[in-house]
Structures are given as C-alpha cells and as structure tokens.
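Peer 1: Protein chains in written order, with this note's numbering: chain H, 1 to 404; chain V, 1 to 288.
Since the hints were made in silico from the structure, they are not lab data. Just so you know, nobody snuck in bad clues.
In silico DSSO-like links for lysine-lysine, alpha-carbon gap of 27 Å or less:
hint, chain 1, residue 1, chain 2, residue 2
1, H, Lys275, H, Lys385
2, H, Lys308, V, Lys112
3, H, Lys75, H, Lys43
4, H, Lys275, V, Lys112
5, H, Lys94, V, Lys112
6, V, Lys112, H, Lys307
7, V, Lys112, H, Lys66
This one's a predicted model, so the numbers in the text were calculated from it and none came from an experiment.
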Amino acid sequence: MSDKNNKTSRRRFMAGAAATTGLVAAAGFVPTRFAIGAMAPVKVGILLPYSGTYAMLGNSITNAMKMRFALAGGKLGGRPIEYVAIDSQMSVPKAPQNTNKLIKKEKVDFLVGPVHSGIAAAMAKIIGQRKTPIMVIPNAGSNAVTGALCAPNIFRTSFSNWQPAYPGGKLMSQEGHKTCVTISWKYGAGIQSMAAARQGFAEGGGTSIKDILVPFPNVEFQAHLSEIAALKPDAVFSFFSGGGAIKFLKDYEAAGLKGKIPLYGSGFLTEGVEKAAGSAAEGIKTTLHYASDLDNAENHSFRANYKKAFNADANVFSVQGYDTGSLLLQAAAAVGGDVEATADVIAAMETSQVPDSPRGPWKMSKAHNPIQNIYLRQVVNGQQKLLGIAAEQLEDPATGCKMA
Amino acid sequence: MDFATFLIQVLNGVQYGFTLFLVASGLTLIFGIMGIINLAHGAFYMIGAYLTFWLVGYTDNLFLAIAMGLPIMVVFGYLIERLAISFLYKRDHLYQVLLTYGLILILNEMQKILWGSDFYSVTVPDVLSSSIPMGNQEYPVYRIFVILVCMVVATGMYVVINKTKLGMMIRAGATDRETTQALGIDIGKVFAIVFSLGAALAGFSGMIDAPLSSVYPGMGNFILIISFVVIVIGGIGSIKGAFVGAMLVGLADTFGKVLLPELSSMVIYALMALILMWRPQGLFGRTA
Chain H
1 MSDKNNKTSR RRFMAGAAAT TGLVAAAGFV PTRFAIGAMA PVKVGILLPY SGTYAMLGNS
61 ITNAMKMRFA LAGGKLGGRP IEYVAIDSQM SVPKAPQNTN KLIKKEKVDF LVGPVHSGIA
121 AAMAKIIGQR KTPIMVIPNA GSNAVTGALC APNIFRTSFS NWQPAYPGGK LMSQEGHKTC
181 VTISWKYGAG IQSMAAARQG FAEGGGTSIK DILVPFPNVE FQAHLSEIAA LKPDAVFSFF
241 SGGGAIKFLK DYEAAGLKGK IPLYGSGFLT EGVEKAAGSA AEGIKTTLHY ASDLDNAENH
301 SFRANYKKAF NADANVFSVQ GYDTGSLLLQ AAAAVGGDVE ATADVIAAME TSQVPDSPRG
361 PWKMSKAHNP IQNIYLRQVV NGQQKLLGIA AEQLEDPATG CKMA
Chain V
1 MDFATFLIQV LNGVQYGFTL FLVASGLTLI FGIMGIINLA HGAFYMIGAY LTFWLVGYTD
61 NLFLAIAMGL PIMVVFGYLI ERLAISFLYK RDHLYQVLLT YGLILILNEM QKILWGSDFY
121 SVTVPDVLSS SIPMGNQEYP VYRIFVILVC MVVATGMYVV INKTKLGMMI RAGATDRETT
181 QALGIDIGKV FAIVFSLGAA LAGFSGMIDA PLSSVYPGMG NFILIISFVV IVIGGIGSIK
241 GAFVGAMLVG LADTFGKVLL PELSSMVIYA LMALILMWRP QGLFGRTA
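Sequences and hints are given; from them, build the entire structure.
Peer 2: Written out as structure tokens, the structure is:
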C-alpha cells in the first residue's frame with residue numbers, strides 16, 4: 001500500500017513539475033500553489049446516443065453520472081474531470097471509428113458507453129485487445145460482453161440481458177402458467193432476453209410454444225397479435241423498450257388480449273413509459289434490477305437530487321449512470337487519482353462494492369458484471385410498485401468468460 | 001391458420017397498407033410532379049405526430065388537433081418549398097438529396113429542442129376507443145377508422161387530380177413542364193401547392209398514426225424507408241402505383257411475419273427485387 005502511494009506521489013510530482021516548468025517558461029514567475037491546480041485532468045470518454053429514438057437513455061445516463069461526480073466535489077481522485085462525448089447515433093458501423101477516436105486521438109482514461117448491445121460488442125472487440133482505456137458499460141446488456149468477450153478492462157454497471165429476463169420466466173411458471181409465447185425485436189438484446197425467459201420458464205416446468213421475433217425497429221405488431229390470439233398461450237413474455245414498448249402495450253390492449261392472456265416482460269417494457277401507455281400498462285408485472293419506489297435512503301436522496309437538477313424523474317438508466325459515477329469515484333480514490341496505473345484501477349474496480357446505489361447494494365462478479373437483486377414490480381395507478389425481490393443477488397452465468 | 005385467423009390477417013395487412021399509402025402518396029406526388037426526391041418526408045411525418053401530441057395537450061381533442069395541425073403543415077411545407085426547395089429545381093437530384101437530408105437533421109434537432117427526447121403517446125378519442133370482437137381477438141375501432149379515413153383521402157386525391165382544374169394543371173406540369181408554362185400556367189405556383197399538399201399528407205399520416213404508433217424521436221426514419229419501397233414497387237410518381245404498392249407491402253409484411261418468421265425482415269425487399277426484375281420501372285411506372 002505504501003509503495004503504491006509512493007508511486008502515486010511520484011507521478012503527481014512529475015506531472016506537477018512538468019506543469020510548473022511550463023508555467024515558469026511561459027510566464028516567468030515561480031508559482032508555489034499552482035502545481036495542484038494544473039494537474040492533468042482525468043479524461044472520461046463517453047459514447048452514448050444523444051439523437052434518435054434512444055436519446056432519452058443517453059441523456060439520462062450522462063446527466064446522472066455527472067450529477068454523481070458533482071455531488072462528490074466534481075473531481076476523480078482529486079483530479080479535475082475532462083469529458084469527451086460522442087453521439088453514437090446508435091450506429092454499429094460507426095462504432096469502431098468512434099471508439100478508436102476516443103482511444104487513440106483523445107487518449108481517454110475511461111470510456112463510458114454504450115446503450116446498444118451491437119455497439120458494445122464492436123467496442124469490446126477493440127478495447128478487450130488493449131490494456132487501456134477502461135471501458136464501463138452503463139447500459140448495453142449483451143451477454144457476450146461479460147461472457148465470451150469479457151476482458152480485464154471491460155466492466156459493466158448495468159445488467160446482462162439474462163439477468164432481468166430469467167427471473168421473469170420463473171415468475172410466469174410460479175404464477176401457474178404452463179404455456180407461453182415469447183415476443184421481442186429480432187436483435188441481440190431481444191433474442192438473449194427471450195432465451196433467458198424461456199430458460200427460467202422451462203426450469204419451472206413451463207413450455208414455450210412459440211418464439212416470435214419482430215424485425216427491428218418495426219412497430220407493426222398486428223399480425224403477431226392475431227397469431228398470439230390464435231395460439232392461446234397461458235402467458236406472453238416480451239422484451240420491448242421505449243416507443244416500441246408503448247406501441248406494443250397499447251396494441252396488446254386494443255387487440256383485447258390484455259384481459260385474456262397475462263403479459264410479462266423484462267422491466268424495460270414498462271420503464272419510463274407508464275404515463276404514455278396509460279391503461280395499457282396497468283397491472284403488468286415485470287422484473288428488473290431497479291424499482292423506482294425502492295425504500296432505501298440512497299434511492300430517496302438520488303431521486304430528489306435528480307428531480308431537482310433536471311426537472312425529470314430518475315429512471316433505471318439514470319441509476320446506471322449514477323452507479324457508473326460511483327464506481328469511477330471509488331476506483332480513482334483507491335489509487336489516489338493515479339488512474340494511469342491501470343492494473344491498480346482494475347483491481348480496485350474488481351473488488352468494489354457499490355453500497356450506496358439507489359438499486360440497493362451490488363458488487364462486481366468475476367466477469368465484471370453486477371451481482372444484484374432483481375425486483376418484481378407491477379404498474380399500479382400509472383406508477384411502478386415494488387412487489388418484492390424476484391431473485392436475490394443474482395449473478396450472470398457469464399457463459400464463455402475465461403475470467404469467471 | 002384457420003380461415004377466421006386468415007381473414008383477420010388480411011385485414012391487418014390491408015390496414016397496414018392503407019397507412020403506408022397515406023405516407024407514400026405524398027412522397028410519390030412530390031417526386032412524380034416536381035421531380036424532387038424528398039428525403040425529409042419521414043421527418044414531416046414525425047413533425048405531424050409531434051404537432052398532434054402538442055395540440056392534443058391543449059385541446060384534449062384529436063379531431064380539433066388535426067384540424068389545427070393541418071394548416072400548420074401546409075404553411076410549413078409552403079415555407080420549405082419557397083425558402084429551400086425552389087432554388088434547386090434546375091439542379092441535379094444529388095443537390096436535392098443533400099438538401100432534404102440536411103432538412104432531416106435540422107427537423108430532428110428542432111424536435112429535440114421543442115419537445116425533448118422523451119417518448120409520448122396520444123390517446124385514442126373516446127368515441128373510437130372501443131374494440132369489436134373478431135375471431136379469437138378484438139379489433140380496435142380506431143384502426144377501422146384509419147382505413148376509412150385513408151379511403152376518403154385516396155378518393156379525394158383521385159378526384160382532385162383527375163377531375164379538377166388544379167389536377168389538370170398538375171398532370172400537365174408533370175407530363176411536360178415547358179409546354180405547360182408556354183400555355184401561361186405559373187408552374188412555380190403549382191409546384192408550391194403540390195409540395196405544401198405533399199407535406200400536409202405526410203403530416204396528416206403522422207397525425208392519424210400518432211395514437212397508434214406513439215410519438216418518439218426518429219419515428220420518421222423507418223416509415224421513410226418503407227415508403228420508398230412502396231413507391232419503387234408501384235412505379236415512382238404514380239399515385240395508383242403507390243396504392244397498389246402499399247397494399248402489396250402491407251400484405252407481404254403481414255403474411256411474411258406469420259408464415260416466414262425467419263425471413264420476415266427481408267420479405268418486402270425480396271418482393272421489391274422480384275417486381276423490379278420483372279418491371280424495372282415499377283408496376284405503374286412510365287418507362288424513361
């Protein structure tokens with residue numbers, strides 16, 4: 001420990017000395033207290049969507065992360081923070097170029113992103129091959145990123161697609177359903193969530209009779225709803241989010257299925273859409289790693305602070321951004337601001353517990369994915385209501401990860 | 001699939017086809033008559049949907065919101081034609097593509113400034129919010145209402161284009177611009193009217209779709225691509241083609257999803273490729 005501190009202070013000294021020399025040369029006077037002020041900032045690269053359908057997610061994550069830093073004095077390990085944000089535009093083809101720009105041109109210390117699982121895979125393929133920077137995923141749930149593509153410098157503060165869906169499948173069988181249809185968009189997050197739900201449902205003795213994958217981002221669900229009506233399953237499990245979720249919920253209700261065949265889903269189905277979906281979301285049970293009415297002090301203060309700062313209600317995405325901030329703060333503090341000592345930072349992040357998370361305490365798994373509670377929620381009177389814990393401290397199986 | 005389900009799926013396909021026709025008709029009208037490739041058509045659709053959301057917030061009445069929103073869309077289309085498009089009639093298509101692509105970016109950004117990046121929804125008016133039992137399921141009355149509205153619009157377009165003086169001028173301008181001008185018709189004015197109407201049609205589709213599809217950033221992008229598929233199948237510039245194309249795409253998409261789920265995302269594109277191999281100019285397109 002003392003050795004690490006020595007190294008840190010040496011680095012700090014060097015940086016300070018270099019800055020001082022520069023100032024002396026430029027200004028011609030000897031500053032005494034400028035060394036700390038001129039300390040090189042920690043560079044945090046951000047690759048999130050700020051335009052298009054998922055702009056709300058990118059904004060929620062960024063706002064909450066910056067809020068977390070501001071609450072801690074606006075510094076990482078005593079050093080100022082410099083942000084370099086790029087709009088991912090949800091474009092997978094642009095992901096390698098954007099990632100390389102942040103790594104090679106901007107030389108960021110941490111790279112926070114993305115929202116989209118496809119972009120996450122593209123980024124992980126580049127970053128996993130390198131020692132730096134440290135990537136922190138604040139949303140994308142792709143199982144592979146903390147599975148087959150896992151790497152020492154890739155962390156996730158959100159969830160794996162498997163995590164919220166698996167207990168959802170279990171829940172359906174616990175509630176006495178024998179057959180189900182799963183429906184989702186045909187893309188990574190949807191396919192992986194459906195597989196996890198079917199696994200949970202099968203372990204409880206249920207049979208999935210049909211798996212419907214809708215081309216992404218098509219929101220014309222009528223044909224599939226007619227199909228579900230004809231198949232008459234006991235229950236339906238779905239994965240949609242945002243605008244697509246609202247549409248699916250409303251169409252499901254309008255097709256007269258809501259009263260007949262109970263609808264379940266990964267929590268994203270009803271997250272942030274309760275108001276817009278209105279009666280169509282009412283009564284729907286979902287499973288997620290967060291519930292807005294969780295009764296813990298951290299959640300109360302987090303929600304109050306967020307509301308005050310952004311005049312909007314915090315959602316699961318802002319929780320993930322907030323916890324990303326917490327994780328970076330912890331790690332930077334553990335190495336005394338010496339974030340260039342990547343191995344030490346990684347060691348600090350691996351052992352880190354995040355006890356002050358609005359979602360309740362969680363810790364990193366060996367594959368660098370949160371081990372966390374999955375909550376059972378229900379929409380009641382247009383608001384999420386916490387019914388209980390669907391799975392306690394659930395760990396992703398991390399299939400194919402060599403570190404796990 | 002039993003017969004009842006089959007009939008419901010046909011209805012689903014036709015209903016989807018009608019909503020596609022509404023968007024695609026404006027696109028094909030503008031291209032067929034003015035020769036302008038309007039990539040911002042999807043963005044106009046989005047603006048229409050957001051306008052509805054916004055106006056319903058004030059009036060609490062969808063019909064009133066549409067009645068107020070339509071003139072706004074016409075004026076909006078007119079301004080865009082006068083301030084931007086009208087400078088590019090004599091230029092190559094590439095300039096128009098660049099300009100209208102730029103419009104997408106500007107309109108998306110405008111939407112973000114005005115309404116933020118949240119998802120919204122518009123409630124179906126009470127009179128239309130019920131559902132009719134049909135086979136195993138229920139069919140929302142609002143969807144049937146949308147079919148009727150689209151039929152009225154389609155008939156209206158047919159009448160205007162084929163039976164009125166304005167329609168005659170539009171058809172003349174589309175066939176031979178120079179001769180029409182030589183006959184003393186102010187082609188600039190005709191173009192301005194057509195573009196405003198096209199924008200209003202796109203906006204109207206967004207308005208009437210808003211209760212069905214929810215309102216969200218980027219909602220126009222997907223509809224733009226499908227609309228291009230529709231008008232390419234139907235023959236670019238032909239309203240009749242847009243109608244037939246929309247029905248084909250609606251049915252192909254619906255039955256593709258049910259019968260060929262593995263290939264459902266490519267069914268409509270395969271349909272387009274087949275039709276283009278057979279008739280490169282589209283079903284009702286004129287040969288160049």
